[in-house]
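First residue of the sequence shown? That's 1 in my numbering, and the numbers climb one at a time after it.
The set of hints was computed from the structure by calculation and includes no laboratory data. No experiment lies behind these values; they were computed from the predicted model shown. One or more hints might be untrue.
Stated by the list, open to error - Pairs of lysine-lysine, DSS-like flavour, derived with a Cα cap of 30 Å: (1) Lys244 x Lys280; (2) Lys244 x Lys174; (3) Lys165 x Lys280; (4) Lys165 x Lys244.
As the list claims (entries may be wrong) - Quick list of the computed label-pair ranges, beta carbon to beta carbon: (5) Arg275 x Asp302: 39 to 49 Å; (6) Ala104 x Val229: 21 to 31 Å; (7) Asn185 x Thr129: 53 to 63 Å.
Just so it is clear, CB atoms sit at the ideal spot from N, CA and C, and this is done for glycine as well.
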Amino acid sequence: MRNILAVVVLCMLVLAPAFAAVQVTVYESQYGLSAPTGPAEPVADWSRGVLFVTADGRASSTVAGTRAPAAARQAAMVAARARLAMHLGAMKLTGFVTLGDALATRLLPAVSLEALCAPLRLVVERYNTSTRACTVTAVLPLTGPGSPSEVAAQMLTLLQGPKGKEMRPVYTAKQMTLKPSAPPNQVSSGPYSGLVLDCRGLGYTPVFTPRLIWQDGAEVWGVTGVNAVLVKEKGLAAYAPNLKVALLNGRAGNVPLLVRPLGTAGPLRGDLVLRAEDIKALQDEHAAETFLATLSLIILVD
Numbered sequence: 001m002r003n004i005l006a007v008v009v010l011c012m013l014v015l016a017p018a019f020a021a022v023q024v025t026v027y028e029s030q031y032g033l034s035a036p037t038g039p040a041e042p043v044a045d046w047s048r049g050v051l052f053v054t055a056d057g058r059a060s061s062t063v064a065g066t067r068a069p070a071a072a073r074q075a076a077m078v079a080a081r082a083r084l085a086m087h088l089g090a091m092k093l094t095g096f097v098t099l100g101d102a103l104a105t106r107l108l109p110a111v112s113l114e115a116l117c118a119p120l121r122l123v124v125e126r127y128n129t130s131t132r133a134c135t136v137t138a139v140l141p142l143t144g145p146g147s148p149s150e151v152a153a154q155m156l157t158l159l160q161g162p163k164g165k166e167m168r169p170v171y172t173a174k175q176m177t178l179k180p181s182a183p184p185n186q187v188s189s190g191p192y193s194g195l196v197l198d199c200r201g202l203g204y205t206p207v208f209t210p211r212l213i214w215q216d217g218a219e220v221w222g223v224t225g226v227n228a229v230l231v232k233e234k235g236l237a238a239y240a241p242n243l244k245v246a247l248l249n250g251r252a253g254n255v256p257l258l259v260r261p262l263g264t265a266g267p268l269r270g271d272l273v274l275r276a277e278d279i280k281a282l283q284d285e286h287a288a289e290t291f292l293a294t295l296s297l298i299i300l301v302d
């Protein structure tokens, strides 16, 4: 019996440091995130209007033991901002220019990708006392002051200005990728509380300021008459993986008009081509004055 107890105690002593080596700290519990296990590509949560990013950092061997956690955390946040800047730069600002290209070509007031990453906040961290390594998950607001949506609002204002019409492309048939399919079954005959565009199967990815266009390439909606202040506050559209999630989001209300675009258009395939009958429904006075004016729009993507 003594030998058995001795073995148990010895095992506990050997394993104790391993269990004690990992320290998890939650800074913002409202997101319900668990401890991160390793770097990951940024992920957008459009229902909350945020972007999550996970990255690693390690304290230098020259840093004293008591300062190691803070040093590792700082290194991880630097890595997170760098990863985030690359991701933001590749995101589509419009159907024809990425956020990174728009900033690099000075189309907009001086702002950098690094500045857009400045509001990044720490959500949860996992620190390993043995390796002096820290893995963090941080969050960046997609809307509000200093956010990507503010840049989108600035771009929208530019496109609405005197020189904006020249910048807004009118696409030819060769610049469109059409995949016609049957119109969706409506959840109601109306009146509608918002608009849900079902882009699943079209290879469509989120755009900060997408436009809706005719089959001849002319614009239906997306620039003219769109409230730039609202775009800054909430974004022009939200995104969801399916109708159930879209309805839970609430942005398009409980009785949204369902539209399945014919396809995509533009060099970034970021603008959406609609059927004539769907455009007619969107040009209805109720639609124009209610859910389009209030940006009650959700786009379903794969």
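Checked hints:
1. For the hint pairing Lys244 with Lys280, the CA-to-CA distance comes to about 26 Å; that is within 30 Å, so the pair holds.
2. Taking the CA atoms of Lys244 and Lys174, the gap is near 34 Å; set against the 30 Å cutoff, the hint is violated.
3. At most 30 Å may separate the alpha-carbon atoms for a hinted pair to count; Lys165 and Lys280 meet this at roughly 23 Å.
4. Taking the CA atoms of Lys165 and Lys244, the gap is near 37 Å; set against the 30 Å cutoff, the hint is violated.
5. The given range of 39 to 49 Å is broken by Arg275 and Asp302, whose C-beta atoms sit roughly 21 Å from each other.
6. Hint check: Ala104 to Val229, Cβ distance near 26 Å, so the stated range 21 to 31 Å holds.
7. Range check, Asn185 to Thr129: about 57 Å between beta-carbon atoms, so the 53 to 63 Å window is met.
Violated hints for the displayed structure, listed by number in ascending order: 2, 4 and 5.
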